[in-house]
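For the protein sequence lines, the chains are A and B, in the order given.
Quick note on numbering: my numbering labels position 350 of the first sequence as 350, and the sequence is numbered without any gaps.
Quick note on numbering: my numbering labels position 280 of the second sequence as 280, and the sequence is numbered without any gaps.
Keep in mind that the hints were calculated from the coordinates and are not lab data.
Some hints here could point you the wrong way.
Okay, derived cross-link-like pairs now, DSS-like style, lysine-lysine, Cα gap no bigger than 25 Å in a straight line [what the hints assert, rightly or not]:
#1 B:Lys-196 / B:Lys-254
#2 A:Lys-483 / B:Lys-51
#3 B:Lys-289 / A:Lys-221
#4 A:Lys-203 / B:Lys-289
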Amino acid sequence: MAKMKVRKNFQQARWNEPMIYELSTKGLRGIIPPLVEKDIQKETGDVAAKLPDSLKRKSSLDLPEVAQKQVLQHFLHLSQETSGANLNNDLVEGTCTMKYNPRVCERLALNPGFADVHPDQDIETIQGMLKIYYEFEKVVKEVSGMDKFSLQPGGGNHAVYTAASIIRAYFEERGELEQRNEIITTIFSHPCDAACPATAGFKVITIYPDENGMPDIEAIKAAANEHTAAIFMTNPEDIGIYNVHADEVVKVIHGVGGLCFYDQANANAFLGVARAKEAGFDMCHFNIHKTFGTPHGGEGPACGAIGVQEYMAKYLPVPTVEFDGNKYYLDYDKPDSIGRVREYIGQSSVVLKAYAWSMMMGPDYLKECAEISVINNNYMLNIMEKIPGVTHAFKGNGIVRQEQIRYSFQPLMDKCGVGSEDMNRHMGDYGIPWFWASHYPWVIPEPMTIEPCESYTKEEIEECCKVVEICAGEAMENPDFVKNAPYNTAMHKRIDDGDLDDPAKWALSWKAYKRKHNE
Amino acid sequence: MKRIGLIINPVAGIGGKVGLKGSDGAETLEKALKLGAVPESGDKAFVTIKKMCELKDEMDIYTYPGEMGADICSRADMECHVLGKIDYGRTTTSDTVKAAKKLVRFGVDIILFAGGDGTARDIMDAVGTGIPVLGIPTGCKIHSGVYALNPRAAGELMCDFVEGKIRGTKEAEVMDIDEELFRQGIVQARLYGYLKIPNEGKKVQNLKSGGGYSEAGAIDLIGNYVADTLEDDTLYIVGTGSTTAAIMKKLGLKNTLLGVDLVYNHEVIGSDCTERQLLEVLSRYDKVKILVTVIGGQGYIFGRGNQQISAAVIKKVGRENIIVVATADKMASIFGNPLYVDTGDQEVNEYLKGYIRVIVGYEKTVMARVSD
Chain A
1 MAKMKVRKNF QQARWNEPMI YELSTKGLRG IIPPLVEKDI QKETGDVAAK LPDSLKRKSS
61 LDLPEVAQKQ VLQHFLHLSQ ETSGANLNND LVEGTCTMKY NPRVCERLAL NPGFADVHPD
121 QDIETIQGML KIYYEFEKVV KEVSGMDKFS LQPGGGNHAV YTAASIIRAY FEERGELEQR
181 NEIITTIFSH PCDAACPATA GFKVITIYPD ENGMPDIEAI KAAANEHTAA IFMTNPEDIG
241 IYNVHADEVV KVIHGVGGLC FYDQANANAF LGVARAKEAG FDMCHFNIHK TFGTPHGGEG
301 PACGAIGVQE YMAKYLPVPT VEFDGNKYYL DYDKPDSIGR VREYIGQSSV VLKAYAWSMM
361 MGPDYLKECA EISVINNNYM LNIMEKIPGV THAFKGNGIV RQEQIRYSFQ PLMDKCGVGS
421 EDMNRHMGDY GIPWFWASHY PWVIPEPMTI EPCESYTKEE IEECCKVVEI CAGEAMENPD
481 FVKNAPYNTA MHKRIDDGDL DDPAKWALSW KAYKRKHNE
Chain B
1 MKRIGLIINP VAGIGGKVGL KGSDGAETLE KALKLGAVPE SGDKAFVTIK KMCELKDEMD
61 IYTYPGEMGA DICSRADMEC HVLGKIDYGR TTTSDTVKAA KKLVRFGVDI ILFAGGDGTA
121 RDIMDAVGTG IPVLGIPTGC KIHSGVYALN PRAAGELMCD FVEGKIRGTK EAEVMDIDEE
181 LFRQGIVQAR LYGYLKIPNE GKKVQNLKSG GGYSEAGAID LIGNYVADTL EDDTLYIVGT
241 GSTTAAIMKK LGLKNTLLGV DLVYNHEVIG SDCTERQLLE VLSRYDKVKI LVTVIGGQGY
301 IFGRGNQQIS AAVIKKVGRE NIIVVATADK MASIFGNPLY VDTGDQEVNE YLKGYIRVIV
361 GYEKTVMARV SD
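With the hints as constraints, model all of the structure from the sequences given.
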């Protein structure tokens, strides 16, 4: 039986690593490529001279000049200063569904038959890849009930923006776009459910929750009218409450002639349990890199699968992947498509890994993901509820939480002035990675959002709770100690948040830094 | 070296525990003392000063004798310069006003006071928005927005101020609650004015509403949207409050901060109007709209500072012609609560109940519930 362990002597590397440019010595070479053999040179002539002028550099290269050992050392040092994913107890990264990414999927993606494919290859030669796309589309169609998917968008926000673009095309076709210039969303939906339609030109109306924490359906009824193009809602929302009135919401919006988009980023709560189709939604999306087991980290690669009911399929991004009974092909004949949203057909490695994961899991284990996630989350809540200083959003509303919960350290803040950010830094001293607090706005004060999905053991859940308990206890005994954390991590406490407002105090690149400081 | 003026209202809050709901006036104070009330204002202020002791070498405290400040400093082992004279045990409103004026003349960088809305009004009468002010909430009536969350937070904010971490100030509402009515369970408040308080800065503001906008930036966006969608040949009744004031400024129109103004086709046609004037003018126009913002800590759109926009006015204009504006930050601060109305007419209150759109940005609204 595994044992729960709190890492009381945790110490992360803190290398104070210089910038690689600071390791540079002029004239030093890591690798000296051999010159072209004389016989070959005689045949080809001076290749560089034949390059068009537009491709030739005008100034000399300013790359860091560092030897091989120092390059390796530098990046290894930096990597030791991250917590990484799948290496730690990263159930604390709520809303991100940090599940285990099978190593075998990484191997598969390196297969030359997949990794070395060129985007412009004849489709006869990439039937295998296209088949994987086609087969994976079947998986997401089955999970959601939607009729057709595009796997082209490169992430969640991208899929939501694609949805907004499709809605725009839909109403434009009907000559209603000028009239239907509003979308409705909720305050606990992902911020992109407001931002993406706003970027697509719509006005945004935000709905607050009712006293139970579910989107206030009366408010939705009051907001919906002939100007409503669509509702964009996440369900369950990041606070972990499932809106059981989702189908009623759909009726309200359809009733005024609007469309319904389901942000299914939190699909881990309902895989194999509830579907967008039965709730009546016209469109939905999945974060493939969350729910379907591919690596989830900042900057991707990711994939936002967008699914629609039959009558919306013609607007999907072009090309879609089809099968004619004999071979797989890319369908570019989509005159009503909103166009291409990504190069080629999107992030193929992500689709491959997600397909492999889905096939390994099978339908039964997919459903078990949801069941275990919900059980894990409630087991954790059961322990956290007993920790002094900790509460959670809409506590006591009698509604069972789903796969994640938004906790709040407001009681701790009231007692001793220690809040979410302080706790975050100090929990790092026990080896717990940075937890996800909350999307903006922080209407739940001093937040911490946790998602112990199916990849985490009982011991890991207990470890996290124990660390929260220890840190909260330390806060009440000695608030300043916790406020000045961290002590054992690679990161430092930011001295003055005001520095972020002062352009003289930050730079986004080495080049910018040198320019600002005239070096 | 920052110079901090300190004024403690020693009897603030004394009415609370004995159910008197305030301590305005000598009679009430005597009643409270007879009921066995113990002055606690000083104890709460002690928590603040104790926290500030951590940076005592970086500040100079200027205060008044005895229970108005010097005693607490001494208890907290905080050095201070004592100005002025008081009648020990019998300090009143006029002492607060005198002290505040004297501190301003002395050149303090900020006035830290311990008290409630009554004390806040006194400070405002003395200094207006001349210098920044921060309140330690020790009174019974804490409806103004000029206080720190609690005495400890006040101490932390003062430390940040001394270390130069506070960038800028913002205006906070000072509310005037009729204490006698308050005792009878009736809250009749009006917007008394504004004090300038330290702006805790991007960190705290961002945490609430996000979007990276300062208060000024958010109001700017709202102002732009209202200006861009202002309709022609329509009379606008513009309510009180700093958000509506900012919109008027954006439109280049003269505005009375604490009064109701009238705008028609981009011109001010009435300033600081009474209810009667409003009723008279609006009867001459076909298209009329009311523009109001959310006032006070509890979030009122009618009844707390714009009583001129009475039940009668609202009935004539119609609910569908009411435009509400508020920053996302303001809406976040009342999260979980509805917007309130108190027009004095139960029928009109009922009429206003339900849901209303609140403009929080450019083409961004929230659906807020209205209650009474």
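Hints, verified against the model:
1. With a C-alpha separation of about 21 Å, the suggested pair Lys-196 (chain B) and Lys-254 (chain B) falls inside the 25 Å cut-off, and the hint holds.
2. Taking the CA atoms of Lys-483 (chain A) and Lys-51 (chain B), the gap is near 15 Å; set against the 25 Å cutoff, the hint holds.
3. For the suggested pair Lys-289 (chain B) and Lys-221 (chain A), the alpha carbons sit about 24 Å apart, so the restraint of at most 25 Å is met.
4. At roughly 21 Å between alpha-carbon atoms, Lys-203 (chain A) and Lys-289 (chain B) fall within 25 Å of each other, so this suggested pair holds.
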